[in-house]
Every structure is written in C-alpha cells, then in structure tokens.
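Trainee: Given the sequences, and given the hints that come with them, work out the whole structure.
Given next are the chains, with one letter for each unit.
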Amino acid sequence: MAVLKVKFTKTRRDKLAQVLWILNWISVVTGVLLFCLGLFLKVEINKREELMAGRDVQYVPNMLIAVGLLACAINFLGGKICYDCVDTNKFLRWKLIILPYIICTFFFTFCVLVGAVMCYSMHGELEEALNVGLSDALKFYKDTDTPGRCFLKRTVDMLQIHFQCCGNSGYKDWFQIQWISNRYLDMSQKEVVDRLRSNVEGKYLMDGVPFSCCNVNSPRPCIQQQINNNSAHFNYEHQTEELNLWMRGCRQALLEYYTHIMQSIGLTVLIAWLFELSVLTGVRYLQTALENVLRQGDPDSESDGWLLENSLMETARTNLNIIKSLGKNNHIHTANNGDPNIDVPSTSKARYGPDNVPLKEVTESS
Amino acid sequence: MLLKLKFNQQRRVRLAQGLWLLSWTAVMCGAFVFCLGVYLKMELFRRAEVMDDSDIHAVPNILMMVGLASIGTNWIASRICQDSLDESRFPRWRVFMLAWFAVATLLCVLLVAVVMLSYALQGRLEESLKVGLRNGIRFYKDTDVPGRCFQKETIDRLQMEFRCCGNNNFKDWFEVQWVSNRYLDFTSKDVKDRVRSNVDGRYLLDGVPFSCCNPASPRPCLQNQLTDNSAHFNYDYQTEELNLYSRGCREALINYYMELMNSTGPGVLSVILIQMSVIMSLRFLQTSVEGAMALEDPEAESEGFLLEKGVKETFEDVKVKVLTMLKAAQINPEAAAAAEESCGGADAENGGEKTPVKTSTPAS
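So the sequence lines, in the order shown, correspond to chains V and D. Residue numbering for the first sequence is 3 to 368, as defined by the numbering used here. Residue numbering for the second sequence is 2 to 365, as defined by the numbering used here.
In silico SDA-like links for lysine to any residue, alpha-carbon gap of 20 Å or less: (1) Lys192/V to Ser231/D; (2) Lys205/V to Arg220/D; (3) Lys141/V to Ser218/D; (4) Lys192/V to Ala232/D; (5) Lys190/D to Tyr238/V.
Restraint-style ranges between C-beta atoms, simulated for each label pair: (6) Ser233/V to Arg203/D: 22 to 32 Å; (7) Glu241/D to Ser233/V: 24 to 34 Å; (8) Asn48/V to Ser278/D: 41 to 51 Å.
Because the hints were derived from the structure by calculation, they are not lab data. Here the structure is a predicted model, which is why all the values come from computation and not from measurement. In this text, a Cβ means the ideal position worked out from N, Cα and C, and glycines have one as well.
Mentor: Put into structure tokens, the structure is as follows:
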C-alpha cells in the first residue's frame, strides 16, 4: 500500500515539472540569500571579536554559509533535472541519479532545519561570550600602553557611544575597576595616595565613568565624576537622574542587536526549509510518476505517483535489511539458507577421481 | 553643410537601433541624476539645523528637475527612433523635433551649470555654516527654551559624528556660556567670582562639552581647566593633540559636502556626454530619413548632416526668424487697422492688388 498515492495525467506531470523548475530556481535564490546573510553575520561577529571571549560562536555563520552554498548547488541540479523531466526520453538520462539526489536532498533539508534551530539557540552562548569579553575589556581599558591592548580603550568608547550603553550590566561596573592608568595619577597628592590605600588591592577606584557613557539627550552638561555624591553638583540627585548617563548595559545592548539579526536570519532559514521540503516532495512525486510511466510503456498515459511504495514500516524494514546485507558481503555463508552455488564440504578430503566425482566417504559421512 | 555623412538604408537602420539603445541608456542616466539630486537634498536636510540659509539647495533641486526632464526627453527620443524607419509614422514627429532639440540642449546646459554652481556656492555654504554653528554653540545651554531644546543634542551628535569641536576649533567653547544657569550654584563663591569677572555676567570657563572628547586618546578625557597645566598630572596644553578633536566643525562639514559633490562630478559629466551624443545621433537620423523621404524612395541613399548651412549662416537665419517673429507680434495690430480702413473705404481691387504682394513674400 503506497503512502499518499496521487494519479498523474500527462499534463499534470508536465505542469508539476515546470512548477518544480520554478521552485528550484527560487530555492537557488534563497540559497544565495542565506550565503549572504551568513557572510554578513560573520563580518558583524568579527567586528566585535575583541569583546567576545571564551566561547566560539563562529559555528553559526560558518554553517549558514555552507548551507547557502549547498542549497545553490543542490537546487541548481534539481532545476536541471526538472527541466529535463518534461520529456520522458531525457528523463532516462537522470534515472539513475534521481534517487540518490532525492536522498541527499532529504538529509540536506534536515540540515537546514537543524541550522534554523541553531540560530535561535546561539543566544545563550553569545551571552556568556559577551559577559566574559566585556568584563575583560573594561578591566584593560586603562592599558593603552600595553601592546595588544592599546586600542581597547577606543573600542570600548566607540561601542558605548554607538550602542548607547555604559559598562557591562550598567554604569556601576565602572566603579569597581580602575580605568585611569597609573601614568596619569599624581602619586605625590594626598587624595590619590589615600584612595589607593583605602582599597585592598591598591586600585584607584572612584565613582566616575568615562566620557563615552554620557547621554546625548540630557538637558544638562554631563556629570561624569562623583556620580553618587548629591552635594557635589547643584540640583542633582543620583537616584532619580536618568538622562545623565546611558542606563543600559553594553552586554544587553549587544545581545539585543545580535538577537535581532539572528531572528531575521532564522526566519529566512525556516522559509528556505519550507521551500526545500516542497521541492523534495514534488521531485519525489515526479520521479515515481515518471518511473511508473516507463514501466507501463506508454509515455502519454496516466500513472501513479507516491511518496513511498510500501507503508513506512515495510520501507524501513527493507532498508534496514539492505544496510545489514551491505555489511555482510564479506562473510561466507555456511548456514542452510546460504547460496547454493557455494559448495559446502564439511569434512572434505578432496580426493576427486578422474571423473571429478566426490569419494564415497563423503556420502557416508553426510 | 556641417558634418555631412552618407547614409544608405542599412546604415540608417543601424543608426536607429543604436540610437534606441543609447536613448534608453540616457533614460537610466536621467534616473541616476534624479536619485543623485534626492540623495544630496536629504544630506543637506539632515544638517539643516546648523545651516543658516538654504542657497546651496539649488544644486540638488536643479539636479532633480533635470533628471526628471531628461527621463521624459530621452523616452520621447526612443519613440522617435522606433518610428523613424516607418514612413507613415515618422511625419507626425516632425513638428516636435525642433522643440525636442531645444529642450535637450537646455538640459545639457543646465547640467554644466550645476557642476559650475556646486563650486561657486562653496563660499555661500561656508558662510551659512559659520552662522549656523555659531548659533548652535550659543544656544547649546538653552535646553528649556522652546524651539531650541534640541540644539544641545544636535551639536553633541554633530561633534561626535564628524569628529570635530566648536566652529573653528575647541577654543570657541571658551567664549560661550554653555552651562545653563539652572545648573549653577549661585551661592558658591567660585561661581559668583567667575560671573562677576566677566563683563556680560556670563559664566565662562576653559572647558568643553564631553562630545569634543577624542576616543583615540590614550588618556581619559580632560574636559575642564584645559589651559591650566598644573590642574592635571603630566599634561601640557600646548603639545596635547589627542585629547580633544582638533578640527573645527565648519571645516569638517565643508569637506564632507565638497567631497560629496566632487564625487558626483564625473557621473554628471558622463551624463552630459551621453545626452550630447543622443542629440547628435537623432539629428543625423532625422536629416537622413527626411532626405530619403524627399527622394520618395525609402531604400535610397541620402545625406545626413548636423546643420543645413554653415554655423554662421544658420545663426543669421535663426536671428532673422526670431526678429520676424518679434516684429510680427508688433506689426499685426497696425496691419489689422490698415486692412480695416482699406476694407471700409476701398473694394476688392485693393484687396486684389494686395494679395499678390502678400503671396510673393513667403516664397522669397
């Protein structure tokens, strides 16, 4: 009993082939789109790779690029096959390739679905990477004289200005690290020495933030120093002041940005998956319909198309047996249901006479 | 004749086909010029708050007009050359040809004018920016005055985006009170001294807003007491270059806009060249097809030319025509009055005598 059997007249077969040709070319375009999106994501991640540490999030754009290229190749081939399927003579050329092609497309479609799921699951890994990366970046903000870290200050400043954020979780992260290098601290001044001494690790901590945390929308000139001290500034209350600095943390800002990109990419991948699935189903129907037509002998007659010739269980069983037998080709069959062509003398003293007839001892022992 | 060329039937067909392609290219170029004008206008609008007047908007306005007009004109040219090889359909275009040539030449002239204008208006742009930026810096503190509340944000964003500080340089901020009185503690001695020491009672300080800070500086930004070397450790005001942006915003904006207009220069010049070649090819096509039609044999060889007579003679002819057209406007009332009198007094004899004279003039 076939699974989802559909009758196909000649015109329906031709129409199916044409529709599949168009769908294949749309899928090629989708493949190119996926490739471009993967490339874009790779570039965006590379731009901020200084701020991401510890986790490898490159696997998502790499996978997208690979999927995009594969989609182009597979659907290009599919387009050629479907174009030729309108003519049963040309179909004969592809007859041997089409079943492996369908199996490949089936696994590829599965990969595309996995890709879409990966897009949405990248969120957690990205957050971890950003957390570690940003806290390191804030720690090394002052090290503009250390080779390898000289541009970190600039990177963090531009990040905070561009994404309108401050610190890792919020602006208070800056209070816990020393972001002014010792080269710019006057160690002869009493205040500086006091501050250094009051800290366990000898760090110069202050309740101030760099200029890049300043909010452009504030009606008042930016207050960067002595943020927690209400009396240090006229008409200022730090608990209610919201417009002075950026309130958002940079981790959250970057996460939102990348999540937004990932969601759009994930949506595109899902749509591509739907296209691939429909192409796969259509090609399978076309293949079975054309094979039945060839079996019947008359190219203009009606034929049946199906997804699977027998039910799902039987097909699974047959395939498992095929796979098992592939593994067993190297063994010699000694059992009763073995190949009758193979001679099975259990105790053979092969002293065949001139007639090549086995000796009587063998018949006695068997 | 100017630039006479022989055209047989095959060459005419080739010319028509080539011209059709060329005129569609010219349509694309017209669309390109239009988009260029739109882009320039948008860029100018974005910074309209720091510009005092909008004289410079003439450049994108003309570009947009010329773009639209050239789309229409070149589309008509493509229709003309589609019809040119068909004897029955070509004559209906004859009337429009002169007007078409006039419009197309006008478009070329306008494009050349736009290129020259973009250089000429640089001075006006600079003036406009100077005044606009000065006002912006002056009203920086007035975030509570309606109509000026966003000046602070505009100037801050401008300085950060274009990496500039002040009008000419960062010292412009020293001459302006950019901290509003609402945030100044007038009970403090410091503030009172500063306000009193100034003639106009303004609170001036040698400090700049945070948006002047240069992120590329190795040291955390120094914004206050910039001229006081002793206020900061290891700081020398004269040699410090990386702390703030050293460029003035006027210079930065002028460079930006001039670069924009210069980069569009080659594009506009190539559009002018394409338009000129369309005009010349259409003229050749028109004259050769009309020549063939005059010979009453569509397959015959005919001559194509740019001008029937030499340049000077054509110029004289055109002058005469224009003058007669002008005079005809003046003579007509007199002639009408004279005709009325003669008709009222005399008979058909006068009319009969007059008519042969009248008919002889057009033939000469």
